[in-house]
Amino acid sequence: MPVTISSARTAGGFVKKIKELSGENLHLCYQCGTCSGGCPAASHMDLSPRQIIHLARLGLDEDIADCRTVWVCASCLACTVACPRGFDLSRLMEAIRQLSLRQRADHVRPEDIPMKERGELPQIAMVSGLRKFSG
Amino acid sequence: MQLAYYPGCTLKTKARNLEEPAVASLEALGLELEEMDRWNCCGAVYSLADDDLIHQVAPVRNLIRAKERGKDRLVVLCSFCFNALKRANLLMSGDAAKRDTLNTFMDEEPDYSGEVRVLHLLELLRDEIGWEALKKKVKLPLRGLKLAPYYGCTLLRPREVAIDDVENPTILQDFLAALGAIPVDFPESTRCCGSYQVVSDPGDIPGYARDILNPAVRRGAGGLVLTCPLCDYDLGKGQEELVKNEESGGVPLFYFTQLLALALGLDPAVCHFELNYGDPEALLREKGLLSPEGTPQKTGGKA
Chain A
0 MPVTISSART AGGFVKKIKE LSGENLHLCY QCGTCSGGCP AASHMDLSPR QIIHLARLGL
60 DEDIADCRTV WVCASCLACT VACPRGFDLS RLMEAIRQLS LRQRADHVRP EDIPMKERGE
120 LPQIAMVSGL RKFSG
Chain B
0 MQLAYYPGCT LKTKARNLEE PAVASLEALG LELEEMDRWN CCGAVYSLAD DDLIHQVAPV
60 RNLIRAKERG KDRLVVLCSF CFNALKRANL LMSGDAAKRD TLNTFMDEEP DYSGEVRVLH
120 LLELLRDEIG WEALKKKVKL PLRGLKLAPY YGCTLLRPRE VAIDDVENPT ILQDFLAALG
180 AIPVDFPEST RCCGSYQVVS DPGDIPGYAR DILNPAVRRG AGGLVLTCPL CDYDLGKGQE
240 ELVKNEESGG VPLFYFTQLL ALALGLDPAV CHFELNYGDP EALLREKGLL SPEGTPQKTG
300 GKA
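Taken in order, these protein sequences are the chains called A and B.
The opening position of the first sequence corresponds to residue 0 in numbering that gives the first Met the number 0, with each subsequent residue numbered one higher.
The opening position of the second sequence corresponds to residue 0 in numbering that gives the first Met the number 0, with each subsequent residue numbered one higher.
If we strip away everything but chain A, and leave its shape as in the complex, we get:
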């Protein structure tokens, strides 16, 4: 897809916020795609993990805003331990999720979980899921 790059975007508020929230240097990534290649959730994603990094550092937040990818990432850290540049993608995914959750845009609300599942799910699933998907 065509991408318009501008310094106003790459130095803009979105990039600043995700750098601050993730604590990561987005320029470490050289787009080798090891993260996408090893991601067990990649087939459930619309944007690949590699694309998320690229779009995020270009400040193209509207291209990421409605993507499924950041919500499909389960922070399994397969990418983190495999990255040849030492970039922790799980922290970038978290930063993007947090930007949305902090706008009170919950991805999952407790009341959305069917009653039967609430009784069956182990506590660690409920606690971790609601911590990752609600603000």
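In case anyone wonders, no lab produced these hints; they're calculated from the structure.
Keep in mind that a hint or two might mislead.
Okay, derived cross-link-like pairs now, DSSO-like style, lysine-lysine, Cα gap no bigger than 30 Å in a straight line [unchecked claim]:
no., chain 1, residue 1, chain 2, residue 2
1, A, Lys115, B, Lys97
2, B, Lys97, A, Lys16
3, A, Lys18, B, Lys97
4, B, Lys66, B, Lys11
5, A, Lys115, B, Lys243
Computed from the model, here is a short list of chain A residues facing chain B with C-beta under 8 Å [to be verified]:
no., residue
6, Ala73
7, His106
8, Leu120
9, Ile123
Every residue, glycine too, gets a C-beta built ideally from N, C-alpha and C.
Starting from the known structure of chain A, arrange chain B on it as the hints suggest.
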């Protein structure tokens, strides 16, 4: 030797079949676990956002409780709790600025700077007892049991909390070999089961389970050996769907602690096999490792 023990919420309810055989086995091995008299939720997941310190308070409080009791090691059984507690501990020992903020915020607590070592039970078995010594304690060698060790994510990632080699772990294989079982190596043993995606997208879970279970079965495994209650749930529930859709035959899922208790000759009732997915008792009877009078299998998996 007395060790502080942190159980966590899930082990007291859904995963009693992980906890109870562990506690009984350690007693049989002469290691006494002292469950902390006060503990709270560990938070289940480690906070990844750099400014989110409030979610570190819960795990750090547990570490302070262990230190207060004069314990220098905290043993954890649940993989999720292990990961959350160990990462919080590393934050407190390695990040002076955040440590100070947290210690100041928790002004009712004594200061903490990561003095307690967080250990997983498998590390304790490997490093305190040793595989050779464990082998000598085995009363019922698990002969003929071909099982695939499944590590999941949280015992191995990130690198700084890993209990073994991140890419090529062998701790579960070594454990199984010590018990007399035959470990089946398979390439998906550290692949994510889908984790808490079961909360948001339960429909995706059978696909994750298929990508783990089928390669293990193709390599000749008669069952999987797990450490984590969420892996157990995702693989167990996922497998039920796969069996329904004839995408998989279905194999028993064991917790490693159940196999330990069985091999040490403890009463199988302590294993709570009735809480397992995939009918492990049928396989154990077939291999002559459980008498026909063993605890009866209830159908339908967990309550």
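Do the hints match the structure? See the list:
1. Between Lys115 (chain A) and Lys97 (chain B) the alpha-carbon distance is near 40 Å, which puts this suggested pair outside the 30 Å criterion.
2. Taken as a hint, the Lys97 (chain B) and Lys16 (chain A) pair is honoured in the structure, with Cα atoms around 19 Å apart against an allowance of 30 Å.
3. For the hint linking Lys18 (chain A) to Lys97 (chain B), the alpha-carbon distance of about 18 Å falls within 30 Å, and the restraint holds.
4. With a C-alpha separation of about 23 Å, the suggested pair Lys66 (chain B) and Lys11 (chain B) falls inside the 30 Å cut-off, and the hint holds.
5. Under the criterion of a C-alpha separation no larger than 30 Å, the hint pairing Lys115 (chain A) with Lys243 (chain B) is consistent with the structure, at around 19 Å.
6. For Ala73 (chain A), the interface hint holds, since its Cβ comes within 8 Å of a Cβ in chain B; the closest pair sits about 4 Å apart.
7. The criterion of a C-beta within 8 Å of any C-beta in chain B is met by His106 (chain A), whose closest approach is roughly 6 Å, and the hint holds.
8. Taken as an interface hint, Leu120 (chain A) checks out: its beta carbon lies about 7 Å from the nearest beta carbon of chain B, inside 8 Å.
9. Here the hint on Ile123 (chain A) is kept, as its CB sits about 4 Å from the closest CB of chain B, short of 8 Å.
The structure shown violates just one earlier hint, number 1.
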